[in-house]
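Dock chains B and C against chain A, hints included.
Which chain is which? The protein sequence lines are A, B and C, in order. The first sequence runs 825 to 1157 under the numbering used here. The second sequence runs 125 to 458 under the numbering used here. The third sequence runs 347 to 937 under the numbering used here.
These aren't lab readings, by the way, just hints derived from the structure by calculation. One should not assume that every hint holds.
So the derived label-pair ranges between C-beta atoms look like this [said to hold, decoys possible]:
#	chain 1	residue 1	chain 2	residue 2	range
1	A	H936	B	E203	41 to 49 Å
2	A	P939	C	N796	49 to 57 Å
3	A	I912	C	N553	34 to 42 Å
4	A	L897	C	A689	45 to 53 Å
5	B	A185	C	P740	36 to 44 Å
6	A	L845	C	K537	45 to 53 Å
7	A	E877	C	D867	43 to 51 Å
8	A	V838	C	A689	47 to 55 Å
9	B	G175	A	R967	20 to 28 Å
Listed next, the stretches of chain A that the computed footprint assigns to chain B, with coverage defined by at least 3 CB atoms under 8 Å from CB atoms of chain B [stated by the list, open to error]:
#	region
10	836 to 845
11	974 to 984
12	1067 to 1079
13	1087 to 1100
14	1110 to 1117
15	1121 to 1130
16	1133 to 1146
Okay, derived cross-link-like pairs now, SDA-like style, lysine to any residue, Cα gap no bigger than 20 Å in a straight line [said to hold, decoys possible]:
#	chain 1	residue 1	chain 2	residue 2
17	A	K1019	C	K599
18	C	K573	C	G484
19	C	K579	A	T926
20	C	K490	C	T472
21	C	K579	A	N908
22	B	K169	A	D911
23	C	K579	A	G903
24	C	K890	C	E695
25	C	K490	C	E463
26	B	K195	C	A792
27	C	K550	C	A461
28	C	K890	C	A744
29	C	K599	A	H936
30	C	K527	C	E463
31	A	K925	C	S637
32	C	K476	C	A466
33	C	K573	C	K599
34	A	K925	C	G804
35	C	K847	A	V874
36	C	K599	C	T406
37	C	K599	A	G903
38	A	K1065	A	E1053
39	C	K527	A	N908
40	C	K666	C	S637
None of these values were measured; they are calculated from a predicted model. Here a beta-carbon is modelled for each residue, glycine too, at the ideal position from N, C-alpha and C.
The chain contents come next:
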Amino acid sequence: MVAYLIRRLINAVVTLLVVTLVTFGVFFLVPKATGSDPALLYIGKQADPVAVEGIRTKLGLNDPIIVQYWKFLKGIVAGRDYANGPDITHCSAPCLGYTFKTNQEVWPILIHALPVTVSLAIGAAIIWVLMGVIFGVISALRRGSIWDRSVMTIALAGVSLPIYFTGLLALTIFVYGLEWLPNADYTPFFDNPVKWFTGLLMPWVTLAFLFAATYARLTRANMLETLGEDYIRTARAKGLKERTVIGKHGLRSGLTPLVTVFGLDLGALLGGAILTEAVFNLRGLGYWALNGIRTNDLPTILGVTLFAAFFIVIMNLIVDLLYGVIDPRVRLG
Amino acid sequence: MSLGPETSLHDESTPTADAAQERDTSEKAIAGRSLKQIAWRRLKKDRVAVGGGIVILVLIAIAILAPLLIKLLGHPFDEYHNDKIDPTLSLPLGKLGGISKDFLLGVEPVNGRDIFSRIVYGAQTTLTVAFLSAFLSTILGVLFGMSAGFLGGWVDSVISRIMDFLLAFPQLLFSIALVSVLPQSMLGFNTRWSRTIVLIVVIGFFGWPYIGRIVRGQTLSLREREFVEASRSLGARSPRILFREMLPNLAAPILVYTTLIIPTNILTEAALSFLGVGIPPPYPSWGGMLSDALQFYRYDPMFMIIPGAMIFITVLAFNLFGDGLRDALDPKAR
Amino acid sequence: MAGKTKVMLAATAALTLGLTAACGGGSDDNKSDDSSSGTGAAFNASATKVVNASDKKGGTLNLWSPQDADSFDPAISYYAWTINMNRLYSRTLMTYTPKPGADGLILTPDLASAAPEVSADGKTYTFKLKSGLKFDDGAAITSKDIKYGIERIFAQDVVPGGPLYLTDELDQGQKYPGPYKDTDPNKLGLKTVETPDDSTIIFKLANANANFPYELALPGGAPVPQKRDTGAKYGLAPASSGPYKFESIEPGKGATLVRNTNWDASTDTVRKALPDKITLTITTNAEDMDSRLLAGTADMDASQSGVATQARTQILTDEKLKANAANPNNGFIRYAAISQNVAPFNNIECRKAVVYASDPTTLQTARGGPVAGGDIATNMLPPNILGADKSYDPYGRAQGKPQADKAKEALTACGQPNGFATKIAVRNNKPAEIATATALQAALKAVNINATIEQYDGSQIATVVGSPNNVHKKGYGIMIAGWGADFPTGYGYLAPLASSKFLVANGNYNLPEIKDQAIDDLFAKGLAEKDATAAGTDYQEANKKVMDGFYYLPFVFDKALNYYNPRLTNVYFHSGLAMVDFASLGVSDGK
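Same shape as in the complex, but just chain A (with noise of 0.2 Å):
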């Protein structure tokens, strides 16, 4: 158990390094391919000689891009030094550098963005799993119903809604049409524990029905193959309670899967929900992802690709681990 712990988390960072390696690359490389000079991105209106070569000291773009990565890497771990005029600044660890545009510390923006992403992530996770399941199971055992057959037709509709569609048409209709909502905005929980609900329902309850109506399909597949499988018939025929044979069998059974899909799904969301925080102006972690890219600022995508991909791995960790539990046919090893 211990080992295979051990196996994991270096595979978890070999993959997190692969991840830096690449948007590093890509983001070096390619500009440099199409023949465009870094430091002229982070110019301003006045591109000096003197000030593009400011801007290259400054940004440390004069060293080899290898050089470059291991001074990245390196921060992660131990922090690294920046040349500040008067002074030095110490950059601690884990330091993932200054923004190119604004010159600020790339971690604190990240770890303040954090809040409101998982905010999002785990309010929406809370209703779209309870949602989908209920629906899900419920739809199974009534399977070919008027309910199954309407709530499998909703949940189809659901899964083929873009988010940003239905985003707008929510803020259409409950913010500005019926004026039931305030606007989608963050409020830090301990602030005000209300004002923090009410500005993050709308967009909890957007993204919750898209992936509910993934959900409710799914736990209506799974529930319909378990109940179908021999140990449930057995089950019956030995005269178990109905919901005992649903409630301890059917369910433990027909749920196990869903495990892997919502870690997936989860750490997916957790390193920025990039349409959702578009459509509603959440400064979450997709935010600055998306806000990075458009500057080309390269700290900011780099931080933000490896919180994602660190979120990714965790998550799919964790899934590993908890399968140990929940199923015993898996033994991990």
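Structure of chains B and C alone, referenced to chain A:
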């Protein structure tokens, strides 16, 4: 299937992470040729799927006949009609975003371009990207999946590692980044088609591991089966076994999964256009129209609803048809 | 093209009296000729006079902005609105007079006790400082602090991004590396600036330059106490010489300014300093900010970039809201530059064809229409710069229609009777520019000029269209751009666009690559002119020569529709700052 976190990542059709959990679809392999007939009969009976199929055919027809349709019913997609626009507010004159006999779906704010024409041309882009990227994913997925499953050993470990890595990659983020740094026109194509090619390649590339995993799993189980063993003992070479014996047996799952990644690809293409890295103006795309509508949705909701509804209808049609197809080919899923 | 985000500067602003209503619509813009100040707002009243004049102190001014500040470090600040914000906490030797109309274009002494003494050859400027000037920590402000502040701009490897006029002017071959690498023990090694005593500062220029006082009025000319200089981090806690000091600055979130008790009102004739506190909130949600403005929970958009489309509709369809809004010309012209080194535009007739084929109205609509976009531009000097003449319309654009006949004639004269193909280059991050590019493309198609639009990464402007070599290589015949001057003079506006002196390998703004000795001579003549009106005439002559060459196709004289909370006092459009003067604002309810 370069999926964003907020496109529907997992449907019951999507392979789960653990190969052991894949639904055993080997029955249909045994059914052999007659499966086609059985499936076709089943599919015909599934009215919802047939409905989806018809919508798809209509959309394809619209995309192909776009120039003709516009000649008959619309205006050139890049033609300005400033007389249809309120100059102070930039909004279309008339109700419902300027819908009239002349402009079947109204006009765009600011420039008065014919929304009908732009939707029709948008269908071209959307379907081209969706089909070709699905095709690319399938080719790559089958190639690598079969190699991994059939050859095993280090080839399998390398390919599996790459697939794992790609799945753990922040894909939407990376697609945006990649598309935005690539040049707008290349290989002698105009900006519309070169960007279309870029989208196909990026979406197709991130989609192959999904197919690859399925194919690898299927190949692994097929490799041990009697008919393959038999063929091998008769002295058949690997390529022959791969293409003559195994590929036909993989056709059904490949077809189903290809159909089911098309709707996801449509959503991804629209998302990229929505985020401003899709088809460049003046060429229309549905996602791009939705993105333009962001500025106007409160006072001109039709401009948002029309492209949104088109995306919805198209994706829904593919989902319905794909579901039906899977059910027809795999009775167990019912 | 107003550097990417570095949106222009204090500029050429709306010359207000007589700022006429748009051509083709919205003609009731500007009825009030009454230049006296008063209450009772009316649409665009603040463009020409002080609205809600008051001396009531107290309360909190709530500024919002959908765009983050570039920096509050005076050496870096280059956005028009951060330059405006700078006036709240940093003072310069000279600054713009706080008055509406053309008066705002004139500089007035601020830290200096009087206008500088200029030597006969125009090369030496001597300033004397007022007495009793103090920083927020009580330390006296000396001429050495001003010199040190200017020296910081030279440290481009530490504080890059601000305007470089002063460094260009003052380096004179010294290659001064900035104070951080200065070998002088007092870090005052810049030779062209002398500080014989604490209240005297002398600048020695290489050539006479009538613009020099304007260059000193940029925030970079503000004093910085050396012992409080934190280099790259100075923008997070700048020293204050003005009536307010920063209580906090959170990049990306906002800032709070409170009264600087060491500021002495008797030394300052420019700032009213009415509110007790000023807060700045940065938001990403422009729509939400607009709703707050209209609801009165936010006082003003500090970036003054204009409300978003939906709020515009709301304001223009509601008379009450409209009365608190204004849309003065902000000194920008939006235009297309036609490269004379990309075939077939080496032939003036082909340039003419593009100019006449364009549709002035669709271009104006693409910019946002007459109210929120701007008036149809007729030439290349904004109407508010001294010497400009809006009625000078050589291309016949004001009538609002394309001139297909003239365009076809020109095509024939150019030897391309069947039209030709070309490329329009446009930044991908400016929706309105993309809209104008598509509008132009559609109009050109009518005379068989087939233009393809090439969008490029807007942040790479300096190397894409700003590099003549690249323009030739890529074959960009037409480039969409916009420009506002750093100084409200004809030189400040037009020289970077039309003088061969400004033609550089990267970061070039003279996109058509105009090299015309006659034009260069006119600029030189204007610069040496002692009388501003005479200089204005020279610049207008230069403008005429530029127009004669068909190098630029002007789209609109830019406007932005802004909304002001009715509780704001002393609201007026400042011509020199090209936006409402923040330093005069107050709140009427004292909250």
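We went through each hint and held it up to the structure:
1. Range check, H936/A to E203/B: Cβ separation about 48 Å, and the 41 to 49 Å hint holds.
2. Evaluation of the 49 to 57 Å hint for P939/A and N796/C yields a pass: the beta carbon distance comes to about 52 Å.
3. Between I912/A and N553/C the C-beta distance comes to about 39 Å, which sits within the given range of 34 to 42 Å.
4. Separated by about 50 Å at the C-beta atoms, L897/A and A689/C satisfy the suggested range of 45 to 53 Å.
5. Between A185/B and P740/C the CB atoms are about 52 Å apart, so this pair departs from the stated range of 36 to 44 Å.
6. The hint said 45 to 53 Å for the Cβ distance between L845/A and K537/C, and at roughly 48 Å that hint holds.
7. Between E877/A and D867/C the Cβ separation comes to about 33 Å, which falls outside the hinted range of 43 to 51 Å.
8. Remark: the range hint 47 to 55 Å for V838/A to A689/C is upheld by a beta-carbon distance near 54 Å.
9. Distance hint check: the CB atoms of G175/B and R967/A are about 21 Å apart, consistent with the given range 20 to 28 Å.
10. Counting residues of the region 836 to 845 of chain A whose beta carbon lies closer than 8 Å to any beta carbon of chain B gives 3, which reaches the threshold of three, so the coverage claim holds.
11. With a cut-off of 8 Å between beta carbons, the region 974 to 984 of chain A has 4 residues touching chain B; three or more are needed, and the interface restraint holds.
12. Coverage of the region 1067 to 1079 of chain A by chain B is violated in this model, with 0 residues showing a Cβ closer than 8 Å to a Cβ of that chain against a need of three.
13. For the region 1087 to 1100 of chain A, the assignment as covered by chain B holds, since 10 residues bring a beta-carbon within under 8 Å of that chain's beta-carbons and 3 suffice.
14. Counting residues of the region 1110 to 1117 of chain A whose C-beta sits closer than 8 Å to any C-beta of chain B gives 3, which meets the bar of three, so the coverage hint holds.
15. Given as covered by chain B, the region 1121 to 1130 of chain A passes the check, having 3 residues with a CB less than 8 Å from a CB of that chain where 3 are the minimum.
16. Here's how the region 1133 to 1146 of chain A fares: 5 of its residues keep a CB closer than 8 Å to some CB of chain B, so the rule of at least three is met and the hint holds.
17. The suggested pairing of K1019/A with K599/C holds, with an alpha-carbon distance near 18 Å, which does not exceed 20 Å.
18. Taking the CA atoms of K573/C and G484/C, the gap is about 13 Å. The hint holds against a cut of 20 Å.
19. Our distance criterion of 20 Å between C-alpha atoms is met by K579/C and T926/A, whose separation comes to about 11 Å.
20. Restraint check: the Cα-Cα separation between K490/C and T472/C comes to about 14 Å, which is no more than 20 Å; the hinted pair holds.
21. Annotation: proposed proximity of K579/C to N908/A holds, straight-line Cα distance about 8 Å (limit 20 Å).
22. Restraint check for K169/B and D911/A: not satisfied, since their Cα atoms lie roughly 78 Å apart, outside the 20 Å limit.
23. Note on K579/C and G903/A: the hinted pairing holds, with a Cα-Cα distance of about 18 Å set against a maximum of 20 Å.
24. Our distance criterion of 20 Å between C-alpha atoms is met by K890/C and E695/C, whose separation comes to about 17 Å.
25. With a CA separation close to 19 Å, the supplied pair K490/C and E463/C stays within the 20 Å bound.
26. For a cut-off of 20 Å, the pair hint linking K195/B to A792/C stands: about 18 Å separates their Cα positions.
27. Proposed proximity of K550/C and A461/C is supported: the alpha carbons are some 16 Å apart, at most 20 Å.
28. For the suggested pair K890/C and A744/C, the alpha carbons sit about 17 Å apart, so the restraint of at most 20 Å is met.
29. For the hint linking K599/C to H936/A, the alpha-carbon distance of about 11 Å falls within 20 Å, and the restraint holds.
30. Proposed proximity of K527/C and E463/C is contradicted: the alpha carbons are some 32 Å apart, above 20 Å.
31. Taken as a hint, the K925/A and S637/C pair is broken in the structure, with Cα atoms around 29 Å apart against an allowance of 20 Å.
32. Between K476/C and A466/C, the direct Cα distance comes to roughly 24 Å. Violation of the 20 Å bound is thereby established for this hinted pair.
33. Simply put, K573/C and K599/C have alpha-carbon atoms about 28 Å apart, too far for the 20 Å limit, and the pair is violated.
34. For the hint linking K925/A to G804/C, the alpha-carbon distance of about 14 Å falls within 20 Å, and the restraint holds.
35. Only pairs whose Cα atoms come within 20 Å are accepted, and K847/C paired with V874/A is accepted, the gap being roughly 18 Å.
36. A hinted pair counts as satisfied when its Cα atoms are at most 20 Å apart, and K599/C with T406/C qualifies at roughly 18 Å.
37. Pair hint K599/C plus G903/A does not hold up; C-alpha atoms about 26 Å apart against a cutoff of 20 Å.
38. This hinted pair checks out: K1065/A and E1053/A have alpha carbons roughly 17 Å apart, not beyond 20 Å.
39. For the proposed pair K527/C and N908/A, the alpha carbon gap of about 11 Å is at most 20 Å, so the pair holds.
40. Between the alpha carbons of K666/C and S637/C the distance comes to roughly 15 Å, so the proposed pair stays at or under 20 Å and holds.
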